[in-house]
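Spelled out from the first residue to the last, the chains are:
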Amino acid sequence: MNRYLIFSLLAVLLCGSCRSYQYPNAVGMRTSHQQEVNNYYTDTTHTWVYRSQIQAFGKDMTGHLIIRAMAPNTHRLALVSDLGQTILDVSVFPDRHELHAAMADINKKILVKELAWVFRSLTERRYVQNALIFMDKQHYPVYVVDDHFYSMEERHLADIVVTKNGKERFHVSFDDVQRKLPKNITIQHKKYPVAIQLKLDEKQSVL
Amino acid sequence: MRVKISYMLLFMLPFFSDAQTRQMTSSEISVFQQTLKESVQVKTLSADFVQYKHMNFIKQPITSSGKIYLKQPDRLSWSYTAPFQYRMVFRDNKIFIDDQGKKKSMDIGNSKQFEKISRLVSSSMRGGGYDEKEFTVSYLKKGDANMLKLFPKLQDIKKYIKEIVLVFSDKDTQVEEVTLVEPSNDYTRFILKNRKVNGQINESVFNL
Chain A
1 MNRYLIFSLL AVLLCGSCRS YQYPNAVGMR TSHQQEVNNY YTDTTHTWVY RSQIQAFGKD
61 MTGHLIIRAM APNTHRLALV SDLGQTILDV SVFPDRHELH AAMADINKKI LVKELAWVFR
121 SLTERRYVQN ALIFMDKQHY PVYVVDDHFY SMEERHLADI VVTKNGKERF HVSFDDVQRK
181 LPKNITIQHK KYPVAIQLKL DEKQSVL
Chain B
1001 MRVKISYMLL FMLPFFSDAQ TRQMTSSEIS VFQQTLKESV QVKTLSADFV QYKHMNFIKQ
1061 PITSSGKIYL KQPDRLSWSY TAPFQYRMVF RDNKIFIDDQ GKKKSMDIGN SKQFEKISRL
1121 VSSSMRGGGY DEKEFTVSYL KKGDANMLKL FPKLQDIKKY IKEIVLVFSD KDTQVEEVTL
1181 VEPSNDYTRF ILKNRKVNGQ INESVFNL
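Going down the list, the sequences are from chains A and B.
Mapping of the first sequence onto our numbering: position 185 corresponds to residue 185, and the numbering continues sequentially without gaps.
Mapping of the second sequence onto our numbering: position 203 corresponds to residue 1203, and the numbering continues sequentially without gaps.
Simulated from the structure, these hints should not be mistaken for lab results.
A few of these clues could be false.
Straight-line distance between alpha carbons at most 27 Å, and here's what the computed BS3-like set of lysine-lysine pairs gives [said to hold, decoys possible]: (1) K1159(B) x K1037(B); (2) K1149(B) x K1133(B); (3) K59(A) x K167(A); (4) K183(A) x K1153(B); (5) K1149(B) x K109(A); (6) K108(A) x K1153(B).
Reference listing, derived: stretches of chain B covered by chain A, where coverage requires no fewer than 3 residues with Cβ under 8 Å from a Cβ of chain A [stated by the list, open to error]: (7) 1048-1057; (8) 1062-1074; (9) 1080-1091; (10) 1172-1184.
To be clear about the criterion: a stretch of chain A counts as covered by chain B if any three or more of its residues have a C-beta under 8 Å from a C-beta of chain B, and this derived list gives those stretches [unchecked claim]: (11) 43-56; (12) 62-72; (13) 85-99.
C-beta atoms are modelled at their ideal positions from N, C-alpha and C, and glycine is treated no differently.
This is chain B alone, in the form it adopts within the complex:
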């Protein structure tokens, strides 16, 4: 009897678990690639984000949240508002930091790795910012949503990131979730909310 119940539970497990992930068919890939090409060019982006850092030895992820503003070609404001106040602005080849009122700036050249990771996250949030020369791309479906897995080819990035997972909204073609998986399999998931593409962004957002 117990064995029967176990088999039944095993059979029913997929119905209770999250949306299943599968490889896209070649026709689905073509449609999705076309959608990406046709989707609106992101010149500005503002969004709220929630960040979850998962590690295999902790029961609940480390959570923080904040706001991101992007303006092409090279302006980025990244601020955490909870549970701490911390803001970074990338502008004119410099990083400006406001750590709870303590301000400082540094040349991007002094912190290339820091800049590389933050750029990677922000370009992922824009969606189409991947280059097939730099990444091996895998096309997937997660329920109704489209999903991309990017595997870095460059050694310089592979040292820090094992894969990037982008989940696109099934309502529009914008990215709503970014996951960065590290070589150790720890991962950080960013959920984007209240996305506004190509809206007006006040220049003062990039002043610090």
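Chain A with its partners taken away, still in its complex shape:
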């Protein structure tokens, strides 16, 4: 009986974790020619500075997010408060992250890992070959790679939906894209009460 219960529980857990995310109105997948998505932050000579507003767990914080491409697939991102304190400074690689500094209050392994994941999705250049098929008229293409859904609008990346275990984990929206660079970005976490609004500070950026 016990063995039966354990197997049932494992089966439920495994099925749950294998569940795939159902993108709204998508009915299938097609293979397309390979293309590059999310190439906003590839130039290693640039530094992008965004004014940031963060609402997290009922608290508000304003400051700056600094983004620098150290190599085509390595980015360093730092969140800095208005008073100049470094909140988080992390390098993100395709398969790992390296923490340089974190304010004592947020230096928790799970939190840092989650933020590094968000930052990786925000900056990582990906190559895609699969696109979703929609039942009704398709207004824009949506490409899929791993658990990331990249939707394009007028030849630029407009949204990234990142999923885990069949559920949306977080959503990144790029707005007001000019000269291949988004001036506004919104990040909404779906599991934790975290929202980040970013506005490009062109004067402080090195472009």
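Place chain B on chain A using the hints.
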């Protein structure tokens, strides 16, 4: 020949670099401590400031500027005017914030760390606000200017700040530069300009 030129450049380097920093002699320390004691008690302070945030992976610092008003014992108005508008007022154990017209307030109790850092910066700007029980103090000379390095002793502050560097004007005894060095060695430098000590400050500055 190339080696000779290298040696020559190495020798000349100190003449081209910024003012050199050295430890004060014991007599210089006594004179400086006496000057601090005799200097006017800061009851109010208003100043413009420019803030530079330095990190080792960025080529140019993140720069912002604004205005600070202090009134003893517990009123502080801190506003950024460029490149964004953001104002904080500390009054009656509360922090009042105006973020580009969006106003809110919170109890200081909910944001002790935020309050601690801002108080630390503002008390540093006042100059004499350090306590040898809380800080190990190092007395230095930077060119003609006096300089203090404060190393926090309390674990609670050490978590956020590795050292505070205060540079005093060589024209008066007031602080003209504050640098906060974080444990990661990133640092934020505040340059104070148009300082007015013990001038009239309109109470409306602390209303938000």
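Unsatisfied constraints (hint numbers, rising): 1, 4 and 5
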